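**Q** Spelled out from the first residue to the last, the chains are:
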Amino acid sequence: MKSKTKAAAEPAHSRKRTGLAFRKPSITAVILSLFASVGVFATCAILYIITSEFSVFLNHIGAVEFFFGRHWEPFMEPRSFGILPLLTGTMWIVVISTVFAVPVGILIGAYLHHFCGRKRGLWLKPSLEILAAIPTVVYGFVAVTLITPLIKGWLPETEIFNAMSAGLVVGFMILPTISTLVHDALSEIPKRVREGAFALGAYPNEVFYGVEMAAIRPRVFAAVILSLSRAFGETMAVTLAAGAHPNLTWNPLESIQTITSYIVQASMGDAPHGTIINSSIYAASGVLFFVTLSLNLIAYTWIKRQKIGISQL
Amino acid sequence: MTSLRQRRAQFFRFITWAAAILGLLLIIAIFAYLIFKGTKHLDLAFFQNYASRNPEKAGIKAALLGTVYVLALTLAIAVPIGIGTAVFFEEYLRPSKIKNLLELNISNLAGVPSIIFGVLGLSFFVRFLAWERSILSGALTLAILVLPVIVIATRAALSQVPRTIKESAYALGATKEQMIWSHLIPNALPGICSGVIIVVGRAIGESAPLIMVGALSFVAYTPESIWDSFTVLPVQIFNWVSRPQPEFQAVAASAILVLLAIVIVLTAITTIIRQKFAKKKANY
Chain R
0 MKSKTKAAAE PAHSRKRTGL AFRKPSITAV ILSLFASVGV FATCAILYII TSEFSVFLNH
60 IGAVEFFFGR HWEPFMEPRS FGILPLLTGT MWIVVISTVF AVPVGILIGA YLHHFCGRKR
120 GLWLKPSLEI LAAIPTVVYG FVAVTLITPL IKGWLPETEI FNAMSAGLVV GFMILPTIST
180 LVHDALSEIP KRVREGAFAL GAYPNEVFYG VEMAAIRPRV FAAVILSLSR AFGETMAVTL
240 AAGAHPNLTW NPLESIQTIT SYIVQASMGD APHGTIINSS IYAASGVLFF VTLSLNLIAY
300 TWIKRQKIGI SQL
Chain Y
0 MTSLRQRRAQ FFRFITWAAA ILGLLLIIAI FAYLIFKGTK HLDLAFFQNY ASRNPEKAGI
60 KAALLGTVYV LALTLAIAVP IGIGTAVFFE EYLRPSKIKN LLELNISNLA GVPSIIFGVL
120 GLSFFVRFLA WERSILSGAL TLAILVLPVI VIATRAALSQ VPRTIKESAY ALGATKEQMI
180 WSHLIPNALP GICSGVIIVV GRAIGESAPL IMVGALSFVA YTPESIWDSF TVLPVQIFNW
240 VSRPQPEFQA VAASAILVLL AIVIVLTAIT TIIRQKFAKK KANY
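Going down the list, the protein sequences come from chains R and Y.
Numbering follows numbering that gives the first Met the number 0, in which position 273 of the first sequence is assigned residue number 272; successive positions increment by one, without gaps.
Numbering follows numbering that gives the first Met the number 0, in which position 1 of the second sequence is assigned residue number 0; successive positions increment by one, without gaps.
Keep in mind the hints are simulated off the structure, nothing from the lab.
Just so you know, these numbers come straight off a predicted model, no measurement behind them.
We treat Cβ as the ideally placed atom computed from N, Cα and C, and that holds for glycine.
Don't take every hint at face value.
[Unchecked claim] Derived Cβ-Cβ restraints for the label pairs, each shown as a range:
| # | chain 1 | residue 1 | chain 2 | residue 2 | range |
| --- | --- | --- | --- | --- | --- |
| 1 | Y | R93 | R | A243 | 16 to 26 Å |
| 2 | Y | I20 | R | I159 | 26 to 36 Å |
| 3 | Y | L100 | R | P189 | 42 to 52 Å |
| 4 | Y | T38 | R | E156 | 29 to 39 Å |
| 5 | R | I26 | Y | K39 | 56 to 66 Å |
| 6 | Y | P243 | R | G152 | 46 to 56 Å |
| 7 | R | R78 | Y | Q159 | 54 to 64 Å |
| 8 | Y | L128 | R | I30 | 35 to 45 Å |
| 9 | Y | Q159 | R | I30 | 19 to 29 Å |
| 10 | R | V192 | Y | N99 | 52 to 62 Å |
| 11 | R | K151 | Y | I26 | 22 to 32 Å |
| 12 | R | A243 | Y | N99 | 33 to 43 Å |
| 13 | R | V29 | Y | I26 | 45 to 55 Å |
[As the list claims (entries may be wrong)] Mimicking BS3-like on lysine-lysine, the simulated pairs with C-alpha atoms at most 27 Å apart in a straight line are:
| # | chain 1 | residue 1 | chain 2 | residue 2 |
| --- | --- | --- | --- | --- |
| 14 | Y | K98 | R | K303 |
| 15 | R | K151 | Y | K36 |
| 16 | Y | K96 | R | K118 |
| 17 | R | K303 | Y | K96 |
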């Protein structure tokens with residue numbers, strides 16, 4: 000709707016130059032469209048590279064062996080390529096980081112919105128966002144040299160590399176993503192909705208759980224899904240702190256390997272083109288790409304849905 | 000006598016406060032720990048030495064120079080393309096199915112894990128185009144990685160330029176190109192700049208894709224052309240952290256302090272720009 004009135008308000012001569020739908024696109028439009036096609040090219044290249052090598056790999060190994068095999072031993076004969084150990088390793092990181100970051104992140108969002116004055120918010124929110132700006136390799140260092148010894152002091156059976164410390168630092172990393180998204184969603188709710196609840200005598204917690212959460216639930220859900228996707232694809236902290244031992248385990252204090260850290264490990268060994276190790280990099284990337292892609296698409300549709308929802312309140 | 004409801008409200012107030020404090024404490028603890036660990040090696044020689052097997056002599060000269068070169072080339076490629084894409088989206092594309100698809104594509108690229116871009120760089124730049132493990136391959140990989148961030152930030156900045164400003168240019172007979180150069184981009188510049196700085200902060204700390212495209216861990220020379228092999232600060236840190244000797248942990252901590260100092264300064268600049276800009280916008 001908005002764009003229609005915009006186009007009508009623009010002078011006639013510029014309207015002729017506006018769209019590519021018109022007969023003579025200007026040189027600028029052509030150049031800019033070339034720039035815009037770089038992103039499309041990148042997506043197509045990623046899709047092509049991953050699917051072509053992935054299918055070669057699957058033909059060689061067999062889909063059943065790959066998706067349901069319980070052993071991932073690519074470097075030793077007899078080689079076996081079952082993705083399950085890598086998937087459970089990745090799931091551990093995702094679960095630990097989410098269990099930490101989602102509740103704390105939502106509560107921080109509520110604090111920023113309800114109890115923190117404007118002035119304090121001006122420095123508190125950016126300071127918390129530093130957690131997201133710290134490079135992931137730094138988190139890897141902190142996990143190996145600080146968090147793991149702390150956990151070990153408490154639970155001595157902890158291994159030097161373990162899923163717990165890696166998962167926790169990934170949780171620190173995604174904490175500001177959740178708190179910022181929740182806070183932004185809360186501040187988009189029209190004031191009268193909240194004031195109405197307060198006028199009925201509700202306390203802040205009742206307003207938060209009873210009214211505001213009901214309004215922003217899809218957005219919170221999207222924030223959680225986005226952070227799941229980030230934890231799933233997190234690489235350096237996990238490579239440094241979680242170990243390189245594909246391990247189908249129920250114990251988060253053991254060393255594991257994630258999909259991402261396998262990709263790093265295999266590519267650092269300089270696998271030449273055409274070897275099975277090289278194809279396995281693409282197979283692991285394929286699983287990683289399609290899982291994060293579907294998570295992102297889910298989050299994207301929920302955010303879109305919410306945009307309509309809030310304006311109707 | 001407080002009622003159950005009142006106590007619940009107090010508890011809610013306390014627990015949200017505790018969560019915020021926990022977040023702040025995490026930052027303080029991480030920084031205190033790194034400063035405690037890292038200041039020992041932090042002297043002038045640390046910036047002048049190349050990587051070394053001897054932790055006492057190890058320095059970050061090659062890594063720092065590599066970071067600067069890769070970053071400069073990345074920005075030179077990604078910033079014009081990113082801003083161009085954003086202007087195309089905002090000013091040239093009409094709402095349509097294609098536009099929705101292009102938007103979806105950009106927001107998806109922004110969510111792709113960085114290591115996937117490493118796989119792309121390895122297959123396309125390093126192997127297919129046979130540009131080997133060079134600065135150029137690394138910079139192009141990073142450029143594609145940060146492109147969606149620049150596009151999204153620039154689009155947000157462009158869409159906040161009031162329509163009255165654009166129309167004042169048209170009213171004086173400006174063409175669309177003139178309007179873009181003289182009114183649209185200058186008015187959106189604070190937002191575009193903060194987007195670019197965010198991107199610099201991200202690209203500086205990025206290591207996974209650069210390990211994939213072959214940033215080396217041992218470089219003892221100054222890179223001279225874009226075809227030279229290279230290393231960057233985070234990759235150097237990764238290498239030091241993964242060594243078993245504890246002396247290298249201290250060296251890694253010093254390099255981390257250098258990296259963090261850069262990232263913090265960049266974050267502070269963006270925050271200031273963002274808050275100043277928010278005030279200015281309120282005056283319209």
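**Q** Holds or violated: K303(R) with K96(Y), Cα cutoff 27 Å?
**A** 15 Å, holds
**Q** Go ahead and decide if the range 46 to 56 Å is satisfied by the Cβ distance of P243(Y) to G152(R).
**A** 21 Å, violated
**Q** Between V29(R) and I26(Y), is the Cβ distance one that fits in 45 to 55 Å?
**A** 48 Å, holds
**Q** Are K96(Y) and K118(R) close enough, with their CA atoms no more than 27 Å apart?
**A** 43 Å, violated
**Q** If I claimed the Cβ atoms of L128(Y) and I30(R) lie 35 to 45 Å apart, would that claim hold in this structure?
**A** 23 Å, violated
**Q** With respect to the beta-carbon atoms only, verify the hint that A243(R) and N99(Y) lie 33 to 43 Å apart.
**A** With a Cβ separation near 42 Å, A243(R) and N99(Y) satisfy 33 to 43 Å, so the hint holds.
**Q** Is it true that V192(R) and N99(Y) lie within 52 to 62 Å of each other by Cβ?
**A** 30 Å, violated
**Q** Is 42 to 52 Å right for how far apart the beta carbons of L100(Y) and P189(R) are?
**A** With a Cβ separation near 32 Å, L100(Y) and P189(R) fall outside 42 to 52 Å, so the hint is violated.
**Q** At the C-beta level, are R78(R) and Q159(Y) separated by a distance inside 54 to 64 Å?
**A** 55 Å, holds
**Q** For a C-alpha distance cap of 27 Å, please report whether K151(R) and K36(Y) respect it.
**A** Measuring from Cα to Cα gives roughly 20 Å; hence the hint holds.
**Q** Using the Cβ atoms, figure out if Q159(Y) sits within 19 to 29 Å of I30(R).
**A** 24 Å, holds
**Q** That 22 to 32 Å hint for K151(R) and I26(Y) (C-beta), does it hold up?
**A** Because 23 Å falls inside the window, the suggested range holds.
Of the hints listed earlier, those the structure fails to meet are numbers 1, 3, 6, 8, 10, 16, in rising order.
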